[in-house]
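Asks: Take a look at the letters that make up each chain.
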Amino acid sequence: MPGRFWIVPPAALLALLFFYPLALIVQQAFTDDSGMANVAEFARVLHARFFLNALINTITISVAATAGCLVVGLVLGLILAFVPFPGSGVIARLIDTFIALPTFLVTLAFTFLYGSAGMLNAGLMEVFSLQAPPVNFLYSTWGVVLAEVTVYSPFVLRPLLAAFSLVDRGQIEAASVLGARPFRIVRQVILPAAVPALIAGGSLCLLLTVNEFGIVLFIGAKGVITLPLLIYSKAIQESAYQVACIIAVINIALSLGLFGLYRFAAGRLGA
Amino acid sequence: MLVWSRPGRMLIWLVFSLLFGVLFLAPLAVILLSSLADQWNGVLPSGFTVEHYTDVAQGAAWKAVKASLVTGFLASALALVSGTWAALALRIQDATLARLLGVLFFIPSAVPSVSVGLGLLVAFSHPPLLLNGTIAIVMVAHFVLISAFTFGNVSAGLARLSPDFEQVASSLGARPAYRLWHVTLPLLTPYLVAAFGLSFALSMGELGATVMVYPPGWVTLPVSIFSLTDRGDVFAGAALTMVLVAVTLILLLGLERVTGRQTRS
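Those protein sequence lines, which keep their order, are chains A and B.
Using the working numbering, the first residue of the first sequence is number 2, and each one after it goes up by one.
Using the working numbering, the first residue of the second sequence is number 35, and each one after it goes up by one.
Next up, chain A with everything else stripped away, as it sits in the complex (with noise of 0.2 Å):
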């Protein structure tokens, strides 16, 4: 067998369990029930209420949940590189273990610590004598977006902290025994280094933001709908496969376009 065949069975193995249904949802996305080629039922999702909403509710979420993982994995990033303190390297590999843990436990965490009778809510209506629990962030996109940024941004601070490490300690040495103060350091020395990772990591968090369901899923707002949650509620509960097949399409189109971006990032960083 000449050696450029050896690539055959494992693409064919892809070819048929991903490539072939993603092409059918994108067939039964433009079909009608008789078989014919028709967009109007596509037309008619798109300019559905429920489609709507639940696109500038998965936008809003990711945009927001990003701006936060870069300013949390940021602020992580430079403590634990150029503040470091005894146990440092411990908290940054139980931070990045977070990777590797179900997003939904951080939900699940949250509705304990921030829900109607959590944690927060029983302590200030102990301490203030309240009737009605003050504290109602969680059940809208901002309990969805505070879950995602503790999901999401051990993915900004891992190629920060890769970063930082190539950073030359002497430089820095020099700059502030030249007087520079610790912010103009950060700004002229530090950020300009980082900027790469921030790229790459940011728009992974983009990607995998657009795409996360099990916080939304478990948080169980009805008024905080994603386009993954539309999925599966039309599949799922509705039956309504031709319809979950549209708003599939349009998700995976966006994931594919943040996906190039994220890839063109990480070239330019040389991963």
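Derived from the structure by calculation, the hints contain no laboratory data.
Certain hints may be false.
[Stated by the list, open to error] Distance windows between CB atoms, simulated:
#	chain 1	residue 1	chain 2	residue 2	range
1	A	Val196	B	Asp198	18 to 24 Å
2	B	His160	A	Ala163	46 to 52 Å
3	A	Phe51	B	Pro162	35 to 41 Å
4	B	Arg125	A	Gly180	48 to 54 Å
5	A	Arg185	B	Pro220	49 to 55 Å
6	A	Ala254	B	Glu85	44 to 50 Å
[Stated by the list, open to error] Non-contacting residues of chain A with respect to chain B, defined by C-beta distances greater than 12 Å in every case (computed):
#	residue
7	Ile60
8	Ala133
9	Thr142
10	Leu167
Small disclaimer: the values here were computed from a predicted structure and weren't measured.
C-beta: ideal position from N, C-alpha, C; glycine also.
Chain A is fixed; fit chain B onto it per the hints.
Replies: Frame of chain A, contents of chain B only:
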């Protein structure tokens, strides 16, 4: 060291512990606490019990652990074989085609898991390829979702491999199959173990595609955690989540020890 003054450093570490505590430590601690909570009406639970653990152990837990472990093992093993095969085969393609195919092997990681599940339902619900309603469709869904990660890990390992060993083996007259089995694969082992561990962990926590395709009788840990909390049984859900976290961490730590020993020797 960026900040030299003692009060400055203290302030920065305070910020760090606040962020770390609120975002990462509190969620883990509160899951553990609630899985052991007897009654919880105030700020802290009024008492502790292991009842939730015994409840889930008598209920769905064992079946769910078994379903998750079997699915994770088979899907990760298949992903490891196909990912390693693909990464090795791409090395002997010409550069342009290798780059294009490399992107194709990565794409499953970019597609939302719910859509992967939907695609499998649409494609495999009719004969001759009837997988819908079988255990196999869950394995296939997990395999598709993790295959990109194994492929990526093994490719990264291959890229870091020094070509010297393989060249020496060839120049000493080792045939390609012998070289692959006795030189390349042993050198790759740490990456293979790491790839297997990561894909196993991802499979253990997979929810989106699984809720789309799982047949009755093959309920994985995340799906049973969801049905528990959806019913309002949040404490049992927390206990089962702790089981999931423990199983995942034991797996990862165990594999890390294996890799650690490999790289040291």
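Asks: For which of the previously enumerated hints does the structure constitute a violation, in increasing order of number?
Replies: 1
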